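Student: Build out the structure end to end from the sequences listed, making use of the hints.
One letter stands for each residue in the lines below.
4 protein chains.
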Amino acid sequence: MRYIIFGESHGAGIGVVLEGVPAGLPLDMEFVEQQMRRRAPGRAAFATPRKEADQVTLLSGVWEGKTTGAPLCAVIYNTDTRSKDYSRLKQCPRPSHADFTGNVRYAGYNDYRGGGHFSGRLTAPLVFAGGVAQMLLRQKGIFVGAHIHEIGGVKDDAPLPDQWESALFAPVQEKDFPVFSDLQGEKMQEVILKAKTEQDSVGGVIAAGIFGLPAGYGGPDLRETAEGILARQMFAVPAVKGIEFGAGFGFASLRGSQANDPFYYDEKGNVRTRTNHSGGINGGITNGMPIVFRVAIRPTPSIGKPQETVNFETKTTEMLEIVGRHDPCIVPRAVPVIEAAAALAVCSILEQTQAPVTWEGVEI
Amino acid sequence: MRYIIFGESHGAGIGVVLEGVPAGLPLDMEFVEQQMRRRAPGRAAFATPRKEADQVTLLSGVWEGKTTGAPLCAVIYNTDTRSKDYSRLKQCPRPSHADFTGNVRYAGYNDYRGGGHFSGRLTAPLVFAGGVAQMLLRQKGIFVGAHIHEIGGVKDDAPLPDQWESALFAPVQEKDFPVFSDLQGEKMQEVILKAKTEQDSVGGVIAAGIFGLPAGYGGPDLRETAEGILARQMFAVPAVKGIEFGAGFGFASLRGSQANDPFYYDEKGNVRTRTNHSGGINGGITNGMPIVFRVAIRPTPSIGKPQETVNFETKTTEMLEIVGRHDPCIVPRAVPVIEAAAALAVCSILEQTQAPVTWEGVEI
Amino acid sequence: MRYIIFGESHGAGIGVVLEGVPAGLPLDMEFVEQQMRRRAPGRAAFATPRKEADQVTLLSGVWEGKTTGAPLCAVIYNTDTRSKDYSRLKQCPRPSHADFTGNVRYAGYNDYRGGGHFSGRLTAPLVFAGGVAQMLLRQKGIFVGAHIHEIGGVKDDAPLPDQWESALFAPVQEKDFPVFSDLQGEKMQEVILKAKTEQDSVGGVIAAGIFGLPAGYGGPDLRETAEGILARQMFAVPAVKGIEFGAGFGFASLRGSQANDPFYYDEKGNVRTRTNHSGGINGGITNGMPIVFRVAIRPTPSIGKPQETVNFETKTTEMLEIVGRHDPCIVPRAVPVIEAAAALAVCSILEQTQAPVTWEGVEI
Amino acid sequence: MRYIIFGESHGAGIGVVLEGVPAGLPLDMEFVEQQMRRRAPGRAAFATPRKEADQVTLLSGVWEGKTTGAPLCAVIYNTDTRSKDYSRLKQCPRPSHADFTGNVRYAGYNDYRGGGHFSGRLTAPLVFAGGVAQMLLRQKGIFVGAHIHEIGGVKDDAPLPDQWESALFAPVQEKDFPVFSDLQGEKMQEVILKAKTEQDSVGGVIAAGIFGLPAGYGGPDLRETAEGILARQMFAVPAVKGIEFGAGFGFASLRGSQANDPFYYDEKGNVRTRTNHSGGINGGITNGMPIVFRVAIRPTPSIGKPQETVNFETKTTEMLEIVGRHDPCIVPRAVPVIEAAAALAVCSILEQTQAPVTWEGVEI
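Protein chains in written order, with the numbering used here: chain A, 1 to 364; chain B, 1 to 364; chain C, 1 to 364; chain D, 1 to 364.
Just so you know, not all the hints are guaranteed correct.
Repeated chains share a single entry, so a pair holds when one copy, or any two copies, can fit it.
Said to hold, decoys possible - Subject to a maximum C-alpha distance of 25 angstroms in a straight line, what follows is the list of computed BS3-like cross-link-like pairs (lysine-lysine):
#, residue 1, residue 2
1, Lys268, Lys90
2, Lys155, Lys90
3, Lys315, Lys268
4, Lys196, Lys155
5, Lys90, Lys66
6, Lys155, Lys315
Derived from the structure by calculation, the hints contain no laboratory data.
In this text the structure is predicted, and so the values were computed from the model without any measurement.
Tutor: Put into structure tokens, the structure is as follows:
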């Protein structure tokens with residue numbers, strides 16, 4: 001499966017073309033739309049009040065409710081756009097946004113309105129594509145789940161990754177604010193609302209698990225490490241600035257005797273590990289335990305507080321106050337995006353492990 | 001530039017084929033060999049006493065001291081191998097090594113002696129390839145530097161990333177133990193030697209900077225984000241389990257007003273940022289500031305302490321004591337490997353930003 | 001530049017997403033629409049009488065008349081579709097069409113109506129994408145031209161490839177029936193109309209030239225040979241079954257002394273060849289002469305004459321008569337498709353020759 | 001399976017790294033060496049008298065006689081090289097060789113001795129890689145066979161492609177001069193020897209069949225057409241200047257009613273076609289019939305006859321007489337190269353048809 005996401009925030013539409021989807025997959029649009037609603041803005045006080053219908057139009061690749069094997073093209077036509085909000089961006093790039101780098105990269109020809117192709121709105125087609133991937137993975141017993149691990153210093157009270165299993169995440173995914181502990185969730189929301197009141201924003205961390213992926217997928221070389229494929233996909237999600245697997249950066253203060261995951265045979269005779277500090281991957285290859293990873297999400301760069309920036313026309317440094325409708329914290333809406341991206345990455349890992357584990361197993 | 005690393009720890013040799021190196025690049029073998037010596041084992045008490053000459057034989061792609069434009073093949077023939085050390089691995093996989101996943105992935109046909117293709121020894125050809133990349137980048141004024149950020153809870157006393165520049169790293173790279181503060185370095189070495197005495201190992205964090213890369217490289221889409229290309233390359237280095245850019249996971253406890261990097265014009269009229277929490281990248285595209293990132297390195301899984309594992313033959317769980325010559329901490333030797341990998345990734349970023357920034361700039 | 005063509009003949013729409021187009025390219029829609037009209041059906045007695053507006057809607061990647069650097073998505077919504085014509089295809093595959101192979105490849109889930117994703121109609125978005133490529137190439141002084149070389153045994157009376165230059169093709173491209181000799185063109189049309197009358201079809205050969213591409217593009221290795229990139233692109237055009245460069249299959253009856261192209265210096269001091277049997281490519285690399293190639297086009301498989309086929313339901317062999325509106329000869333309409341495909345391939349060749357010819361020439 | 005071929009004619013060695021070979025494949029070196037002997041020079045009057053041992057050294061990827069799943073590196077160290085023969089090439093490029101284009105592409109830094117990386121000698125590692133591919137395919141019942149279709153106007157007397165089957169090619173492959181009709185083979189050899197006597201060379205055509213590949217592999221889109229993958233691979237073989245499938249360029253003078261391949265059920269209930277003008281491929285997808293294709297091979301450009309060329313130093317046009325040991329006709333030695341290349345391409349086609357035909361069939 002390969003995809004190209006297209007569109008700009010204030011253009012005619014945004015969407016995705018998804019190539020390599022196997023034929024005959026029943027398309028559960030109810031599921032996909034539910035995932036998209038979880039990502040959509042305008043649902044809560046801690047999100048932007050913009051209303052975006054995110055209505056998907058399928059142009060190709062599905063017939064009589066099932067995939068045809070030809071590329072899927074899904075389009076979300078833009079409706080609620082207010083171009084006037086963004087006119088000043090032409091001269092003054094917003095700090096830590098892609099206004100400046102986009103201007104350099106595309107020599108000033110990029111559509112800067114609302115962030116253009118860099119807009120967080122482009123994660124809507126990503127959730128669509130990931131939804132198709134999730135449907136495909138479910139057929140194989142593979143599930144993806146994520147929760148808010150931390151926002152503004154407040155951490156969720158979640159089960160230890162060593163105990164993670166797929167069923168734990170089902171109730172979390174049904175919540176508006178996807179945390180294990182609603183108490184901690186409320187504290188996080190307070191942090192967000194306080195930042196909002198102060199015209200500011202906050203960042204966070206999302207933790208995710210991939211369940212049901214058997215041992216033996218991935219590889220040690222550049223193209224194929226399971227971590228590398230997941231990481232590359234995650235960094236294509238705006239605002240992601242870090243990723244760690246298993247104990248991750250915590251390995252720095254662990255001894256090998258603490259960090260290693262001892263093997264044992266479970267009651268079914270499968271090899272398992274007592275702990276899961278490796279996050280389900282050794283040598284770039286899945287070991288059959290859940291894949292556990294966390295991604296760091298930067299605070300929304302769009303804040304109302306005055307900030308220093310440059311003016312391309314006057315060539316001077318000046319102060320900028322961003323007006324408009326923005327999320328004080330993107331983390332809650334990013335949870336289904338991370339799930340979608342993880343599902344797409346798992347499809348890549350499955351494909352990258354060139355069909356045969358051994359030549360004996362090749363079916364043609 | 002594309003490469004394939006080949007070889008197994010106890011096979012005839014290891015090496016790399018590197019394709020796409022521009023013609024006419026003078027090959028500074030002195031520089032490459034120096035980088036390889038920094039990685040080589042046997043130099044200090046905190047490293048494995050194995051002696052590996054790591055003598056490189058060039059089979060192709062270089063003529064009269066310059067690259068020809070055809071693929072380079074560099075081979076390091078294996079000499080000091082003791083196969084008997086590893087005979088027990090056939091039955092009992094070492095916890096958190098790739099013995100188990102390699103066995104599953106390759107259906108038991110992998111060469112498990114000394115870790116085979118998963119051996120840390122395979123980073124020697126990576127350093128060679130990265131050395132060629134570093135030579136190429138130097139021609140363009142791009143430099144890569146790294147230091148030990150943390151080992152076993154002890155942190156280096158380094159300049160703030162906001163003040164990083166290329167010149168700071170030159171003296172660090174000449175040290176056997178690449179830290180800014182030798183005092184902190186000594187504390188780290190104590191931690192390592194203590195672990196060694198206890199038949200244990202420790203992990204750490206390496207911090208790296210890429211200097212001189214102009215704004216405008218990379219992009220927002222899957223194939224081209226600067227973070228994604230760097231991350232994918234880093235996870236192809238054994239033992240790397242996390243990567244973060246700029247403030248990274250620290251973003252979770254920052255407000256937007258703290259995290260954003262204000263723009264200003266420097267004395268030469270270039271756009272710069274006051275701080276560098278973004279780590280030199282916005283929207284997947286370089287912003288002209290140094291690229292700053294850190295990678296988490298897990299403790300060496302090879303420890304002398306007894307560990308629980310499975311026995312494939314008896315199908316029972318039993319205790320394993322790993323004998324042999326192992327690094328109690330791989331972090332110091334991994335510093336030049338991370339530099340090499342970063343240089344290869346930067347070459348990919350340069351290439352991925354499909355030649356033209358605009359069509360006007362295309363030279364054919 | 002990478003693209004994915006999507007859509008099915010009788011679905012909601014067809015189109016293309018084109019990634020990697022440099023920013024700032026003025027989009028000459030008049031030119032693109034003209035190319036698409038050349039391909040469109042319904043213009044002449046020798047073409048299908050179906051009317052397809054082929055009206056392009058641009059969803060992204062263009063703003064204020066210029067490319068933004070983000071992916072372009074161009075959609076042609078389907079309007080004139082008559083599904084009832086195709087109902088029998090479910091049971092009986094049309095000989096030498098993709099009905100059977102599509103059924104196997106996609107396990108019966110492919111949208112077979114009108115050929116679905118295999119329909120020649122999918123060449124409309126290809127012409128759009130190629131039109132963008134042609135605009136880009138024109139900025140660099142590179143032009144593509146093609147003519148009908150042969151139809152049903154009748155050959156065009158064209159200048160020898162050794163004398164080809166860009167200007168020769170301009171008048172041919174303005175003709176409804178793109179040949180050099182209108183006399184020969186009339187004979188070809190007679191052959192086509194005769195076949196049409198007899199419920200049959202005819203094949204042919206298209207010859208093409210690429211002008212203005214300097215020496216030094218391409219390479220000897222798998223990914224990069226100029227011939228290989230062009231060939232791969234041509235075989236993605238339905239009905240193409242062969243490609244030859246320069247003397248091509250004629251080399252089989254030539255001596256080396258006849259086939260070799262002697263070098264000389266022209267008045268400007270450029271190295272040129274007296275003849276162009278090599279078709280502008282040596283060792284997979286352009287030599288600065290026009291690239292000359294020919295592609296074989298099979299007769300339209302859709303014919304009214306009764307043909308033997310199988311019935312998937314009854315598991316018997318039976319006779320099939322295809323009704324509906326079909327081209328008795330696809331060759332004239334395929335000429336702009338071949339030009340479009342050639343332009344896309346040239347963009348790939350330019351990109352594949354990884355930016356630098358030497359490291360000295362790399363601009364960053 | 002991906003590979004990089006490395007080496008230069010007069011460097012230290014040539015070879016190939018082959019990535020993605022499934023683990024556990026028994027390596028039949030006898031078979032591979034036999035294929036390499038068929039390609040090796042010095043065996044007959046119609047070939048160059050150079051002796052090249054082509055002794056393969058395996059550096060990695062094979063252990064205890066079976067592939068390990070890690071990349072294979074095979075090296076042929078150069079021994080019999082006479083650099084003095086080639087000193088004049090620095091100034092005067094040989095017509096229709098890659099001397100000129102290589103000089104431009106690599107800015108004069110290419111190793112021009114003996115053609116360097118462009119040398120036909122680089123087909124030796126290609127035959128090795130293809131030999132591994134052939135072993136893999138044999139496990140699945142897929143065979144590749146080729147014969148000399150034509151040399152210098154003389155054609156082999158071969159069975160019609162409609163009757164081709166794998167068994168027909170076994171005896172041909174055992175011949176020094178791989179033709180069906182030894183009588184025609186003798187005439188071809190006369191043509192070759194006459195050209196040799198006259199210091200000239202001749203070209204030809206090789207025809208090949210791929211047997212046992214089931215229906216359903218390949219696809220209609222750019223990356224995946226069976227013809228495009230085969231063509232791209234063939235054009236990476238030096239001297240190949242054309243490829244056609246089935247009736248190929250002959251389609252130009254056929255009616256649809258003649259060209260179409262009628263379907264029928266064979267006695268086992270499989271769908272087959274009465275004829276095979278499509279060469280086993282429809283819509284870019286295999287139809288279960290043998291894949292039939294022909295490639296055009298240009299006459300060896302190295303001829304003793306005086307030829308006009310340029311002198312880079314004097315900037316004048318002058319006459320060149322090539323001395324040295326050259327094949328008057330490369331076609332007989334190219335037969336196993338085409339077989340090897342075809343096998344590699346088939347592996348790509350199998351992989352490109354992303355594992356599942358339908359999601360139901362995916363095994364993980």
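Student: Between copies, within a copy, both or neither: which fits lysine 155 and lysine 315 at Cα up to 25 angstroms?
Tutor: neither (43 angstroms within a copy, 41 angstroms between copies)
Student: When no copy is specified for lysine 155 and lysine 90, does a C-alpha distance of 25 angstroms or less occur within a copy, between copies, both, or neither?
Tutor: neither (39 angstroms within a copy, 43 angstroms between copies)
Student: At most 25 angstroms between C-alpha atoms: does lysine 268 with lysine 90 qualify within a copy, between copies, both, or neither?
Tutor: Result: close only across copies, 22 angstroms inter versus 63 angstroms intra.
Student: Is the C-alpha distance from lysine 196 to lysine 155 at most 25 angstroms within one copy, between copies, in both cases, or in neither?
Tutor: Intra 19 angstroms, inter 35 angstroms, cutoff 25 angstroms: intra-copy only.
Student: First find the shortest C-alpha distance between lysine 315 and lysine 268 inside one copy, then the shortest across copies, and answer within, between, both or neither for a cut-off of 25 angstroms.
Tutor: Result: close only across copies, 12 angstroms inter versus 69 angstroms intra.
Student: Have a look at lysine 90 and lysine 66 and pick one of within, between, both or neither, based on CA distance no larger than 25 angstroms.
Tutor: Between copies, since 16 angstroms is at most 25 angstroms while 44 angstroms is not.
Checked against the numbered hints listed earlier, the structure breaks hints 2 and 6; every other hint is satisfied.
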